[in-house]
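Here's the letter readout for the chains.
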Amino acid sequence: MKNPRIRFERDRTVWIASGKVELGQGINTALAQIAAEELDVAFERVRIVPPSTAHSPDEGYTSGSMSIQEGGKGIREACVQARAALLAHAAELLGAPVGELAVDDGTIKAKNGNSVTYWECAAEAGEVPPAAAGAKPSAPTKVVGKSAPRIDLPGKVAGKPAYVHDMALPGMLFARIVRPSRPFATLTSLPEGKPEGAILVRDGSFVGVLAEREELAIAAAAKLRAKAVWKETPVPEDFHGWLRDNVTQRSVLKEVKGAPPAGRSIKASYKKPFIAHASIGPSCAIARLKDGQLEVWTHSQGIFGLRHELSVVLGMKLEDIVVSHAEGAGCYGHNGADDVALDAALLARAANGRPVKLQWTREDEFAWEPYGPAMALDLEAQLDASGSIVSWKHELWSNGHTNRPGRSPKPSLIAARHLEKPFEFSPAIDPALPPEGAGRNAIPLYDFPDLQVVKHYVRETPRRASSLRALGAYGNVFAIESFMNELAAAAGTDPVEFRLKHLKDPRGRAVLEALKPDWQSRVKKENQGHGIGFARYKNIGAYCAVLAEVEAGEVLRVKRLVVAADVGLAINPDGAANQLEGGAIQATSWTLKEEGRVGAVSWEDYPILRFSEVPAVEVRLVKSDAPSLGAGEAAQGPTAAAIANALHDALGVRVRDLPLTPERIVKAME
Amino acid sequence: MTELEVNGQRRSVSAGPDTPLLYVLRNDLGLVGSRFGCGTGQCGACFVIVEGKALPSCDTPLWSVAGKKVTTVEGLAKGGELHPVQKALLAEQAAQCGYCISGIAVAAAAFLSSNKNPSEKEVRDALDRNLCRCGAHNRVVRAVLRAAKEMQA
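Chains as they are written, first to last, in this note's numbering: chain F, 198 to 867; chain W, 5 to 157.
Quick caveat, the hints were computed from the structure, so don't treat them as lab data.
Among the hints, a few may not be true.
Cross-link-like lysine-lysine pairs, in silico, PhoX-like; alpha carbons within 25 Å at most [claimed, not checked]:
#, chain 1, residue 1, chain 2, residue 2
1, F, Lys698, F, Lys713
2, F, Lys590, F, Lys701
3, F, Lys722, F, Lys864
4, F, Lys343, W, Lys91
5, F, Lys357, W, Lys72
6, W, Lys91, W, Lys153
7, W, Lys73, W, Lys125
8, F, Lys357, W, Lys82
9, W, Lys125, W, Lys82
10, W, Lys125, W, Lys72
11, F, Lys357, W, Lys91
12, W, Lys82, W, Lys57
13, W, Lys91, W, Lys125
14, F, Lys790, W, Lys153
15, F, Lys339, F, Lys308
16, W, Lys73, W, Lys120
17, F, Lys713, F, Lys701
18, F, Lys721, F, Lys428
19, W, Lys125, F, Lys756
20, W, Lys82, W, Lys72
21, F, Lys199, F, Lys306
22, W, Lys125, F, Lys357
23, F, Lys701, F, Lys790
24, F, Lys357, W, Lys73
25, F, Lys333, F, Lys306
26, W, Lys57, W, Lys72
27, F, Lys722, W, Lys73
Chain W is nowhere near these chain F residues, computed Cβ spacing over 12 Å in every case [stated by the list, open to error]:
#, residue
28, Asn200
29, Lys353
30, Asp715
31, Ile737
32, Glu810
Coverage of chain F stretches by chain W, computed from C-beta distances (three or more under 8 Å per stretch; other residues unrestricted) [what the hints assert, rightly or not]:
#, region
33, 213-222
34, 276-286
35, 402-416
36, 702-711
Note that beta-carbon positions come from the ideal geometry of N, C-alpha and C, so glycine has one too.
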């Protein structure tokens, strides 16, 4: 049987080629569950082949919480087809009709007791099964819907090699790059002479070093960096004002003309800063250029898009480049994985065929990873005499939310614009509806009779910007759900009831209802408060409502979060819960602490939530057999709004400018 | 040459004395479980136990551990059996990307060796030098409390 996606090995394992990559979200475990289910083999027998442009299906990017939907679908189809082909062949071998065969852990059994295994059949089975041969009878699932343990954790917990950072190839050189910590146009000067114990590589303003030992590369790069002079590019002090002044394109995302608005008008403006991915492991890649063939290993979300862009920048043919995925530290969107790959490839040109491992430093990562863009938002609504919203307007200003390689005609990788023969910089673009970028979740799920949603896209960017988990949904939902509370207060209505009053979608109502017992039994104490937030991610993804309980002392502390979600059929309920909980905790960190200032180089400059600050989190999955929906990006927006609303409940102060730091809270109280 | 004891074995290393221990472990001794995170001791991904205390190996020069006993995440297991903390981390599925988890396992093992019956708050405070970005904190805390119980049994 020749199925490019499935391989049966002698040790009775099944190898599945995935087009989606493991980002730390546990996707390989969920995909293995789908394969085990469809093939009728034990989950423990399934292995997922790390994707490579050399042998994997091109499923685009692993992003947008689409891996179960897209990747799962492809694997499911391949497995269904393989199972049918194997059964058709087994029917011949066993002399029994396909309809009378049963499969148990890869062993195909006939009624007369004869049997044959997948592994025995695989080589001889036909490529395409006869129509409808061996269609799997519907039965309760055995593997899907159960919380299978993560297949990668035993190795990681034991400290085994697991990441691209841990790969070692024979003859490998260690590399570091030399870049300043602020945006720059060109390198003005570099210290003269050869760095000690290292090879200097320079192409225009792109500079790096290669050494036999890692500590020598680190020392050489540090020395060069200390003395290099760069022509910096200016960065505006007030990003949000700057965005409003530099609009490239205005577009109306949705307009519903209702009755002429009558009633009380209420307005509010909100802000979201640049936010870093801030993965614990800085980006890392290995590249080898030998005999005109380039091999690259990196933790990219899109190996095919990266290969395309490498071919453009390096002037090589696509077929001369292989990009393979190797895991990195947690990926929450478009981080430095693609840029580090080009950097490594450029350095590999000076390595005489030897592999080069480039590790970005923490400083490189904070300075050069693409941040989730800053956003400014203006909301306006009219309330009628009965306290209902009769008109709603949402305007936002933002850079584009995607600058991924392969998505623009010009290269977007950092080093491309620093070369001796530079490529023009390709600014972030913003995808259209759905799923949108800056405008993601800008259209409220509520039913308003009069509605206008407007996006102001700003092409120029003072700092690199691209996709961060949830994209525009984090800022939009924070604004919408904060504003809903402001309106509920103006209408004198309970905020949960106020939302339900404007929401018809039954699944949306169900996740809000799931929080009602906690909401209604809340006890008001001094300086403590409760708040809720709600959204359906992308308006087509998972439903999520969050209840936050906060305590406002010297700093704002989130004590507890309850996350209610409908993700459709959860392939792995514990995996889905882990993603929702992790998303809510990360969003708590964004909301309380994070602001990406240009020039940040360390965890001191960019603090994130620590163990002692993390709230208790309870995840409630609403039971559903509806099609599966990704869980990793559903909680961020609702969490931000729930915290801001709880802060208001605690102190009576409305903070519309993220993050909710003590300074901003004090300023809002004045 | 610098002599030290890593995971119970005497090792002799030719790296320069100022080389951070992290690169000696990863590149000379093939022990890659200590991960690089920041290089300045701010994140905990590279923690190792030196004479009973959890330290960032990225910020620990080789000379300072000469003749000392170093335990890395690879050395937590005994006789082929994972440390109770590692077992508990698996039981609680306490990770997402797992990049920070080996440093956390080391910090937790060092902590539990001197605090047999910690409260949840004490566990959280003890792990405050370890950063996790995926949001697996609460699972990790449950795992450490579980391990404490199992170590007492």
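These are the hints, each one checked on the structure:
Of the pairs offered as hints, the one joining F:Lys698 and F:Lys713 holds, with about 14 Å between alpha carbons and a cut-off of 25 Å not exceeded. Restraint check: the Cα-Cα separation between F:Lys590 and F:Lys701 comes to about 20 Å, which is no more than 25 Å; the hinted pair holds. As the CA atoms of F:Lys722 and F:Lys864 are separated by approximately 23 Å, the hinted pair is consistent with the 25 Å bound. Proposed proximity of F:Lys343 and W:Lys91 is supported: the alpha carbons are some 21 Å apart, at most 25 Å.
Taking the CA atoms of F:Lys357 and W:Lys72, the gap is near 24 Å; set against the 25 Å cutoff, the hint holds. Between W:Lys91 and W:Lys153, the direct Cα distance comes to roughly 12 Å. Compliance with the 25 Å bound is thereby established for this hinted pair. A C-alpha spacing of about 30 Å is found between W:Lys73 and W:Lys125, which places the hinted pair above 25 Å, so the restraint is violated. At most 25 Å may separate the alpha-carbon atoms for a hinted pair to count; F:Lys357 and W:Lys82 meet this at roughly 15 Å.
With a C-alpha separation of about 28 Å, the suggested pair W:Lys125 and W:Lys82 falls outside the 25 Å cut-off, and the hint is violated. A distance of roughly 32 Å separates the Cα atoms of W:Lys125 and W:Lys72; the hinted pair therefore is violated under the 25 Å criterion. Distance restraint check for F:Lys357 and W:Lys91: the Cα-Cα separation of roughly 15 Å lies within the 25 Å cut-off, and the hinted pair is therefore satisfied. For the hint linking W:Lys82 to W:Lys57, the alpha-carbon distance of about 19 Å falls within 25 Å, and the restraint holds.
With a C-alpha separation of about 21 Å, the suggested pairing of W:Lys91 with W:Lys125 holds against the 25 Å cut-off. Taking the CA atoms of F:Lys790 and W:Lys153, the gap is near 34 Å; set against the 25 Å cutoff, the hint is violated. A hinted pair counts as satisfied when its Cα atoms are at most 25 Å apart, and F:Lys339 with F:Lys308 qualifies at roughly 22 Å. Restraint check for W:Lys73 and W:Lys120: satisfied, since their Cα atoms lie roughly 22 Å apart, inside the 25 Å limit.
As the CA atoms of F:Lys713 and F:Lys701 are separated by approximately 17 Å, the hinted pair is consistent with the 25 Å bound. Proximity of F:Lys721 to F:Lys428 is assessed by CA-CA distance (about 55 Å); at most 25 Å being required, the pair is judged violated. Among the hinted pairs, W:Lys125 with F:Lys756 is consistent with the structure: their alpha-carbon atoms are about 13 Å apart, no more than 25 Å. Distance hint between W:Lys82 and W:Lys72 is fulfilled; the C-alpha atoms sit about 20 Å from each other, no more than 25 Å.
Taken as a hint, the F:Lys199 and F:Lys306 pair is honoured in the structure, with Cα atoms around 23 Å apart against an allowance of 25 Å. Between the alpha carbons of W:Lys125 and F:Lys357 the distance comes to roughly 30 Å, so the proposed pair goes past 25 Å and is violated. For a cut-off of 25 Å, the pair hint linking F:Lys701 to F:Lys790 is broken: about 35 Å separates their Cα positions. With a C-alpha separation of about 21 Å, the suggested pair F:Lys357 and W:Lys73 falls inside the 25 Å cut-off, and the hint holds.
At most 25 Å may separate the alpha-carbon atoms for a hinted pair to count; F:Lys333 and F:Lys306 meet this at roughly 14 Å. A hinted pair counts as satisfied when its Cα atoms are at most 25 Å apart, and W:Lys57 with W:Lys72 qualifies at roughly 12 Å. Distance check on the hinted pair: F:Lys722 and W:Lys73 sit about 51 Å apart at the alpha-carbon level, beyond 25 Å; violated. Non-interface call for F:Asn200 relative to chain W: holds, since the shortest CB-CB distance, roughly 30 Å, exceeds 12 Å.
For F:Lys353, the non-interface assignment is contradicted: its Cβ lies about 3 Å from the closest Cβ of chain W, within the 12 Å cut-off. The beta carbon of F:Asp715 sits about 18 Å from the closest Cβ of chain W, which is more than 12 Å, so the claim that it is off the interface holds. No beta-carbon of chain W comes within 12 Å of the beta-carbon of F:Ile737; the shortest separation is about 24 Å. Not every beta carbon of chain W lies more than 12 Å from that of F:Glu810, the smallest distance being close to 8 Å; the non-interface claim is violated.
Beta-carbon proximity to chain W at under 8 Å applies to 3 residues in the region 213-222 of chain F; the threshold of 3 is reached and the given coverage holds. Counting residues of the region 276-286 of chain F whose beta carbon lies closer than 8 Å to any beta carbon of chain W gives 0, which falls below the threshold of three, so the coverage claim is violated. Residues of the region 402-416 of chain F lying with their CB closer than 8 Å to a CB of chain W number 4, which satisfies the three-residue condition for coverage. A stretch counts as covered by a chain when three or more of its residues have a beta carbon under 8 Å from one of that chain; for the region 702-711 of chain F and chain W the count is 0, and the coverage is violated.
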